[in-house]
Amino acid sequence: MAKFRKEGGKRLPAISTASLPDIIFMLLFFFMTTTTMKENTMLVDLKLPEATELTKLEKKSLAKYIYIGVPKRELQKQNGTEARVQLDDAFAKKPADVGSYIAQKRDAMPENDQPLMIVSLKVDKDTKMGVVTDVKQELRKAYARKIYYTANERANAY
Amino acid sequence: MKKREIQEINASSMADISFLLLIFFLVTTSMATDKGLFRTLPPPVEKKEKNEEVEVNKRNIMLVLVNSSDKLMVNGEVMDVSKLKEKAKEFIANPANKENLPEKEVVDIPLLGRSSITSKHVISLQNDRGTSYQAYIAVQNELVAAYNELRNELSVKKFSGRKYAELTEEEQDAVKTFYPLKISEAEPKNYGQAAGGAQ
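The listed protein sequences correspond, in order, to chains A and X. My numbering numbers the first residue of the first sequence as 1 and each following residue consecutively. My numbering numbers the first residue of the second sequence as 1001 and each following residue consecutively.
Derived by calculation from the structure, the hints in this document are not laboratory data. Source: prediction; values computed, not measured. Any given hint could be a false lead.
[As the list claims (entries may be wrong)] Only pairs whose alpha carbons sit at most 25 Å apart, straight line, appear in this in silico DSS-like list of lysine-lysine: (1) A/Lys146 / X/Lys1098; (2) A/Lys56 / X/Lys1089; (3) X/Lys1087 / A/Lys141; (4) A/Lys56 / X/Lys1176; (5) X/Lys1035 / A/Lys125; (6) X/Lys1035 / A/Lys146; (7) X/Lys1120 / A/Lys56; (8) X/Lys1098 / X/Lys1035; (9) X/Lys1035 / A/Lys59.
Take these sequences, add in the hints, and give me the full structure.
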């Protein structure tokens, strides 16, 4: 005959949490490797334009960034309120700087990737096209022909 | 003498520490991928061929002008951005084979067979230096939308209801040959107000 168990005779064993640190570490390493710290401090105010037909920028390592916009408030004393071009951490002094900046960035890339370089233009939506056109002309001269107009997703079409 | 056992180090705080690190990296991570419109610029103009402009039949050009107050003019008539997509679609596909829309050419396309396409059409986009970037992107966006919609329509029709994005690479190439993306950006010029459409 089967024995009757005493009520509450056996407690549920505590779930072992010994593997928890391992799991967390795994997640941690995942995020550590995928993280990219923000590469540049922004010197200009950026509100990206909105569009609907967007494609994703697949390989971020191939992208070099050019920012165009009005300098931030605290920088306006030295730099004026006109739209300026930001390359890395400084403003471009003359249009030709864009060309040398691109050449320098391209030289720093592995040789296989050099023809695949993409220049991502992050331009404030209120910028006048004159500045953008100048930059585009410089890019053409520097043979950096693949460009990318970065924009935000807009929910509704016209 | 009683042998002393080495006490095990208490590892229960390990999880907390790694949680802390995890949260730090979670917060600093920017997974947001950049999105935008991809474009290839034309190669730089050589000095000697500077004044030589390629002769294109007038019916093959759709001239889109954007002036400094972000107003739009298409082939000489003022237009709202919201109408641009339909206009561009009609221009690119020329479904009714009209006289004033791009001429068609019969080409053999793998997977699609013999098809007549408007291979010579060009959408010429010209903007003023004073055009705002938002307006420029909006126009670019509408033109790309026109191409995307046409490509989608074609692929749904030809490849048993699959959308363009769901096609294989070869099928996509075939559709791309059918509707090649031809947006040309003019050499920068200075316009005050947009000049007359006919050029």
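How the hints compare with the structure:
1. Proximity of A/Lys146 to X/Lys1098 is assessed by CA-CA distance (about 35 Å); at most 25 Å being required, the pair is judged violated.
2. Proposed proximity of A/Lys56 and X/Lys1089 is supported: the alpha carbons are some 24 Å apart, at most 25 Å.
3. The hinted pair formed by X/Lys1087 and A/Lys141 fails the criterion: a straight-line CA distance of about 33 Å is larger than 25 Å.
4. Note on A/Lys56 and X/Lys1176: the hinted pairing holds, with a Cα-Cα distance of about 19 Å set against a maximum of 25 Å.
5. For the proposed pair X/Lys1035 and A/Lys125, the alpha carbon gap of about 15 Å is at most 25 Å, so the pair holds.
6. Between X/Lys1035 and A/Lys146 the CA atoms are separated by roughly 15 Å; this keeps the pair inside 25 Å, and the hint holds.
7. Using a Cα cut-off of 25 Å, the hinted pair X/Lys1120 and A/Lys56 is violated, with the two alpha carbons roughly 29 Å apart.
8. Proposed proximity of X/Lys1098 and X/Lys1035 is contradicted: the alpha carbons are some 37 Å apart, above 25 Å.
9. This hinted pair checks out: X/Lys1035 and A/Lys59 have alpha carbons roughly 12 Å apart, not beyond 25 Å.
The structure fails to meet hints 1, 3, 7, 8 from the earlier list, while all remaining hints are met.
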